[in-house]
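Protein chains in written order, with our numbering: chain L, 1 to 394; chain D, 1001 to 1163.
Hints are computed from structural coordinates only; laboratory data are not their basis.
A hint or two may mislead.
Said to hold, decoys possible - Below 30 Å or equal to it, Euclidean Cα-Cα: the simulated DSS-like pairs (lysine-lysine) are: (1) L:Lys-164 <-> D:Lys-1025; (2) D:Lys-1039 <-> D:Lys-1015; (3) D:Lys-1010 <-> L:Lys-191; (4) L:Lys-164 <-> D:Lys-1015; (5) D:Lys-1128 <-> L:Lys-386; (6) L:Lys-23 <-> D:Lys-1039; (7) D:Lys-1025 <-> D:Lys-1039; (8) D:Lys-1039 <-> L:Lys-386; (9) D:Lys-1039 <-> L:Lys-191; (10) L:Lys-23 <-> L:Lys-10; (11) L:Lys-164 <-> L:Lys-53.
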Amino acid sequence: MEIKKVDEGKFVVPIGPQHPALKEPGHFEFTVDGEIVMDAKVRLGFVHRGIEKMAEQRTYTRDLYLMERVCGICSHVHGTAFTLGVEKLAGVTAPPRAQAIRVIIAELERIHSHLLWLGVAAHEGGFDTLFMYSWRDRETVMDLLELLSGNRVHYSANVLGGVKFDINPVQTDQIRRGVDYLEERTQFYQKVVTTDNTFLGRTRGVGYMSREQAELQGAVGPTARASGVTRDVRVDAPYSFYPQTPVQIVLDDGGDLTARFIVRIKELFEAYRLVRLLLDNLPEGELATRMPRRIPAGEVISRVEAPRGELMYFIRSNGTDMPERVKIRTPSLCNWGTITSTAVGLKLADMPMLLAGIDPCFSCNDRMIRVRRAGEPGVMTWDQIKAGKGGWSV
Amino acid sequence: MLQGFMTTLKSILEKPVTIQYPEQKRPVRSRFKGRHVLKRYDNGLEKCIGCALCAAACPADAIFVEASENSDENRYSPGERYASTYEINMMRCIFCGFCEDACPTEAIVLGDNYELSFTSRTDAIYPKDMLLEPVPEDGSPTPQKVPAGAFDRAIPLMQDATD
Ligand code: SF4
Ligand code: SF4
């Protein structure tokens, strides 16, 4: 690792973009005095793919598929945010059954995302047993999602105006069984993260963020709720089927890493409850309604609660079948700011845990910069790729 | 300490949760969207008529289709035209399955193959012969010589899919 000298006794430790903690690219510069971090800088943008620009050149239907691919973990909420926005512009409301199915998938996705996070965070804390256990159990919910949609990650449940697939009674039973099993396991994990001394030594009091700080820095999602900020789009501005199935907000005043673990684990219980409730009260009816091809001109902001926090879509339509502008603001981006202040005063060794604590997702927040070195082809034509002119070939 | 040993002992007797992947494979669900297959009719004719609707629908612009004229001496597919070039760039493809929805003849279907690998960008473009399914048993390979007028209709009469 290259170490840059800044001034007397202080060093800058650059970490990444090949990230040592999370398997995603991000670059960090920590100014350290001995072991203690004095300052932190974050540089993002390594996995920019130009999705927003692409969206402007495609019809709404095609965009939906792209939006689902913004994030590899919470693909469904991105699709939901986009569809809800477009439906609002078009003045169409999806039938109740479709809305309920959207929420079921969203909650199953939250379970999958939180379990994934639990594993990653435990791994960063050196607690690999918990990592393996939680990922093993995560397979249960992945299987359920695969059962419903045929795919493990991109469920592709949404279409403009509704959903693509139904949930039949057999699947309902399987989901119930899966959720029961997961609930039992989650109780065990709750016990582990709140009582295991070694683990608590790495989380308790680490990365403390006060409520004021969280509000000032615009933290969202479980990161904010672990500091006692009452911020949850499902509660503040219920969308889709949430008005009918109110969510109980999960809060914790701890503000440290332990609190972030507790909030996410409690949210798992809340998600289990919601999934069960929805399966019991699944409204009957159609799965989709007709959607106009051309969307009336207008602007809309669509907010949903992703597993990591508030996800916002801004869509502007000019009356054609393609959006004029789509802007995506993902929760990870809001939470990055908190890192720069919570890192100060911690040991360098706490950094992976701290970073994992906000559950960052790089691929969904990188849409800002285009990195291009001199001499590199900016755009490759089909023929160039076929002729092997695109570089990267052997 | 005994308790610790008991845990170990118990886990030894448990069924492993992992799958020995290349030897053992997990079956995929019917909705799974894997690598594309270009289908043929029972007599071996290709279903694809080169209309490029899939290319127009594709959100990722991953498909490239070029059509040429069919004739009764050299018939690849029913109707006037067939796809002389059909390529999918697997590196662009996002496996959304929209091409399958767009196709009027149900020629392109996302199969169950998820073992895609290539070592260069060039190899990532799958040409038509890699995508086409093998000729069915009682069919013959394309181009076929067929009686005039027998296969003029490009889009077959279709019933709703029952799966
Ligand atoms: S699956 Fe989707 S991305 Fe892939 S070729 Fe078909 S339409 Fe394009
Ligand atoms: S696969 Fe279907 S949509 Fe695509 S060119 Fe062939 S017939 Fe047309």
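Exercise for review: Hint by hint, work out which the structure violates, then give me just those numbers in ascending order.
Suggested key: 2, 4, 6 and 9
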